[in-house]
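So you can see what is in the structure, the chains are spelled out below.
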Amino acid sequence: MRKTILTSLAVFLASSAAFAQSASDGKVKIGILNDQSGVYADFGGKSSVEAAKMAVEDFGGKVLGVPVEIVDADHQNKPDIASNIARQWYDTQQVDAIMELTTSSVALAVQAIGKEKKKVNIVTGAATTDLTGKACSPYGFHWAYDTHALAVGTGGALVKQGGDSWFFLTADYAFGYSLEQQTSDFVKSSGGKVVGAVRHPLASTDFSSFLLQAQSSGAKVIGLANAGLDTSNAIKQAAEFGITAGGQNLAALLFTLAEVHGLGLEAAQGLTLTEGYYWNLDDKSREFAKKFFARTKKMPNMVHSGTYSAVTQYLKAIQKAGTDDTDAVSKALHEMPVDDFFARNGTVAKNGRMIHDMYLLQVKKPADSKEPWDYFNVLATIPGKEAYMDPAKSGCELVK
Amino acid sequence: MTMIFGIPLQAFLGQLLIGLINGSFYALLSLGLAVIFGLLRVINFAHGAQYMLGAFAAMLMLQYFGISYWFALIFAPIIVGLFGAFIERTMLSRLYNLDPLYGLLFTFGLALTIEGTFRYLYGSSGQPYAVPTQLAGGTNLGFMFLPIYRGWVVVVSLVACIGTWLLIEKTKLGSYLRAATENPVLVQAFGVNVPVLLTLTYGIGAGLAAFAGVLAAPIYQVSPLMGSNIIIVVFAVVVVGGMGSIMGAIVTGYMLGIAEGLTKVFYPEASNIVIFVIMAIVLLLRPAGLFGRDA
Numbered sequence: 001m002r003k004t005i006l007t008s009l010a011v012f013l014a015s016s017a018a019f020a021q022s023a024s025d026g027k028v029k030i031g032i033l034n035d036q037s038g039v040y041a042d043f044g045g046k047s048s049v050e051a052a053k054m055a056v057e058d059f060g061g062k063v064l065g066v067p068v069e070i071v072d073a074d075h076q077n078k079p080d081i082a083s084n085i086a087r088q089w090y091d092t093q094q095v096d097a098i099m100e101l102t103t104s105s106v107a108l109a110v111q112a113i114g115k116e117k118k119k120v121n122i123v124t125g126a127a128t129t130d131l132t133g134k135a136c137s138p139y140g141f142h143w144a145y146d147t148h149a150l151a152v153g154t155g156g157a158l159v160k161q162g163g164d165s166w167f168f169l170t171a172d173y174a175f176g177y178s179l180e181q182q183t184s185d186f187v188k189s190s191g192g193k194v195v196g197a198v199r200h201p202l203a204s205t206d207f208s209s210f211l212l213q214a215q216s217s218g219a220k221v222i223g224l225a226n227a228g229l230d231t232s233n234a235i236k237q238a239a240e241f242g243i244t245a246g247g248q249n250l251a252a253l254l255f256t257l258a259e260v261h262g263l264g265l266e267a268a269q270g271l272t273l274t275e276g277y278y279w280n281l282d283d284k285s286r287e288f289a290k291k292f293f294a295r296t297k298k299m300p301n302m303v304h305s306g307t308y309s310a311v312t313q314y315l316k317a318i319q320k321a322g323t324d325d326t327d328a329v330s331k332a333l334h335e336m337p338v339d340d341f342f343a344r345n346g347t348v349a350k351n352g353r354m355i356h357d358m359y360l361l362q363v364k365k366p367a368d369s370k371e372p373w374d375y376f377n378v379l380a381t382i383p384g385k386e387a388y389m390d391p392a393k394s395g396c397e398l399v400k
Numbered sequence: 401m402t403m404i405f406g407i408p409l410q411a412f413l414g415q416l417l418i419g420l421i422n423g424s425f426y427a428l429l430s431l432g433l434a435v436i437f438g439l440l441r442v443i444n445f446a447h448g449a450q451y452m453l454g455a456f457a458a459m460l461m462l463q464y465f466g467i468s469y470w471f472a473l474i475f476a477p478i479i480v481g482l483f484g485a486f487i488e489r490t491m492l493s494r495l496y497n498l499d500p501l502y503g504l505l506f507t508f509g510l511a512l513t514i515e516g517t518f519r520y521l522y523g524s525s526g527q528p529y530a531v532p533t534q535l536a537g538g539t540n541l542g543f544m545f546l547p548i549y550r551g552w553v554v555v556v557s558l559v560a561c562i563g564t565w566l567l568i569e570k571t572k573l574g575s576y577l578r579a580a581t582e583n584p585v586l587v588q589a590f591g592v593n594v595p596v597l598l599t600l601t602y603g604i605g606a607g608l609a610a611f612a613g614v615l616a617a618p619i620y621q622v623s624p625l626m627g628s629n630i631i632i633v634v635f636a637v638v639v640v641g642g643m644g645s646i647m648g649a650i651v652t653g654y655m656l657g658i659a660e661g662l663t664k665v666f667y668p669e670a671s672n673i674v675i676f677v678i679m680a681i682v683l684l685l686r687p688a689g690l691f692g693r694d695a
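Chains as they are written, first to last, in this note's numbering: chain A, 1 to 400; chain B, 401 to 695.
Honestly, I wouldn't trust all of these hints.
Derived SDA-like pairs (lysine to any residue); straight-line CA-CA distance at most 20 Å [unchecked claim]:
| no. | chain 1 | residue 1 | chain 2 | residue 2 |
| --- | --- | --- | --- | --- |
| 1 | A | K78 | B | E669 |
| 2 | A | K46 | B | G516 |
| 3 | A | K298 | B | L512 |
| 4 | A | K297 | B | P528 |
| 5 | A | K46 | B | L512 |
| 6 | A | K365 | B | A530 |
| 7 | A | K78 | B | Y522 |
| 8 | A | K298 | B | T517 |
| 9 | A | K160 | A | K46 |
| 10 | A | K297 | B | T517 |
| 11 | A | K365 | B | M647 |
| 12 | A | K46 | B | A530 |
| 13 | A | K46 | B | Y522 |
Here are some, though not all, of the chain A residues that point toward chain B, as calculated from beta-carbon distances under 7 Å [what the hints assert, rightly or not]:
| no. | residue |
| --- | --- |
| 14 | S208 |
| 15 | Q319 |
| 16 | T323 |
Keep in mind that the hints were calculated from the coordinates and are not lab data. Keep in mind it's a predicted model, so treat the numbers as computed, not measured. All C-beta atoms, glycine included, are put in the ideal place defined by N, C-alpha and C.
Taking the hints into account, I'd like the entire structure generated from these sequences.
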């Protein structure tokens, strides 16, 4: 009986608190929209939803006294499906912000809708720099990584090792172009040359034709400007066709812990890659990773941990602004430094780019891996200013 | 250097061979579909899932029981075949009297369920499966480096295709099967157990898909998505070859594999639609398919 009374009291207090706050509809709702069934389902997927829920729970489940709710949906990597969901969420479901947004074509579409409807979106899963370049939005933020950071990190490391001629295997959509472009620019500016490129459809299973073309090009480095299962299959088949044994290097430009786990250390060993987070970096990153593992049975990559960080920062911004009004929250997001287990020394630039340190990682040999998920050696920390494009040069109209 | 259509002859030969290798998978998979459609009139949308199950069976057998690739090549198709037979006996056989659309919907739902379950259990990135040591490495053919395993795939699938064709066209069992399709009542009157024959057929079809899955495991990531990635192409192959024509499925499988391989050289962006373009053209000119008998 006493419990019942206490509960009803709590409910009453909560609802009266809701009355007094300034969140518009008595609730803050965050939508996680990503690929939950396709080639990128391990890259982000349901685990990102779980990370977002953890962020809300750790925040106390409430902001300004109103409950915070996470909703999620699978966009199947199709911009039209994603746009429909985003419009429904914004128009009829009172969703305040959409996050994650794996797949660049989808992120660009949803960010355009957010701009039109004046709603916040924070991208952690997609890579294209256009999100903070010509397609930037005053309410759009790009959190975990981007193609520029990958080009500087992984591309830079291979050029330093003497990889001065490149051939690209590029996924045939916005993300692939952007990644190929940025990496080409970087290679050329470092004195290297690009001898060719071939564009393959998203979710190809057989890469042997493309790999053969890359092989006969004689390039020292084969840049894989693709992601997820596509990259894993390309790496596996490159080994099969004796490409790696023949002295050509593979640059898996976007490859994370999740894909390394799927491919296995035997096939992945020696690969150089760039991530914005590694679980085994220090105590803070390990603490989150262990909690995440307990819920999902896998270790987080930069998309999962980045989503946690983005949700947390968004809630902090609402708290700081004292309202969930888009303009005020966006202003707070732009002003507040980001310092958590994910981002060290993070700042948000005018174009919406969250600038933070990135890590150059190398996949361990199977013999060197001491425990499950112990996959990477940290080769270098890339300071945020080097990793990310100078906002003034991004082409974003918001940067004057 | 000799050039063909603006690319070096060596690269051209390499791409032809790659096309042939991929064609082997198309042939093997469309063969199973053609057998099932030809004899049961069921459009088996679960074929991709059965292919995926074959690959997973091989991987799980290795992981948990240490069963090698060679035994998996025999056991995985048997296991998946039995599973197929069970599905046919308990569920699919109830739909024979209905419109063929019901069979299609049922198998499609089955495929989604199986794939969803495996995605839940194993994630979408899949798991690796090593090439058996006896077939590791490759040889330099002069114009390309051929992984021995890929050569093996071409040979084995060719043998399996011809074997299945012989089984159905040239043996007594095959003649029963074909007769049962033409006129089940009459064949039953001769004392042949038709329902068992149909169950057997579906089991064989599913087993063939699983066989292709085991062959594919060392090449592609063993992933829950591997079936849905390939199944649509395979359906196009069957349609181009002529629904239900076994020889048509085999020949078209290899042909379209080569067509796709060459497209990857000349215009890579179109490589995932070239097969459907060919399908559209064939359907316009020969609605029954290249090898189909006009209905």
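Now for the hints, and whether the structure bears them out:
For a cut-off of 20 Å, the pair hint linking K78/A to E669/B stands: about 18 Å separates their Cα positions. Using a Cα cut-off of 20 Å, the hinted pair K46/A and G516/B holds, with the two alpha carbons roughly 13 Å apart. A hinted pair counts as satisfied when its Cα atoms are at most 20 Å apart, and K298/A with L512/B does not qualify at roughly 24 Å. Taking the CA atoms of K297/A and P528/B, the gap is about 19 Å. The hint holds against a cut of 20 Å.
Distance restraint check for K46/A and L512/B: the Cα-Cα separation of roughly 18 Å lies within the 20 Å cut-off, and the hinted pair is therefore satisfied. At most 20 Å may separate the alpha-carbon atoms for a hinted pair to count; K365/A and A530/B meet this at roughly 16 Å. At roughly 23 Å between alpha-carbon atoms, K78/A and Y522/B are farther apart than 20 Å, so this suggested pair is violated. A distance of roughly 18 Å separates the Cα atoms of K298/A and T517/B; the hinted pair therefore holds under the 20 Å criterion.
Using a Cα cut-off of 20 Å, the hinted pair K160/A and K46/A is violated, with the two alpha carbons roughly 37 Å apart. This hinted pair checks out: K297/A and T517/B have alpha carbons roughly 16 Å apart, not beyond 20 Å. In summary, the hint linking K365/A to M647/B is not supported, as the alpha carbons are separated by about 48 Å, beyond the 20 Å threshold. With a C-alpha separation of about 28 Å, the suggested pair K46/A and A530/B falls outside the 20 Å cut-off, and the hint is violated.
At roughly 13 Å between alpha-carbon atoms, K46/A and Y522/B fall within 20 Å of each other, so this suggested pair holds. With its C-beta approaching chain B no nearer than about 5 Å, S208/A sits inside the 7 Å limit, and its interface hint holds. The interface hint given for Q319/A is violated, since its Cβ lies 35 Å from the closest Cβ of chain B, which is over the 7 Å cut-off. Checking T323/A against chain B by beta carbon gives a least distance of about 39 Å; that is not within 7 Å, so the hint is violated.
The earlier numbered hints that this structure contradicts are 3, 7, 9, 11, 12, 15 and 16.
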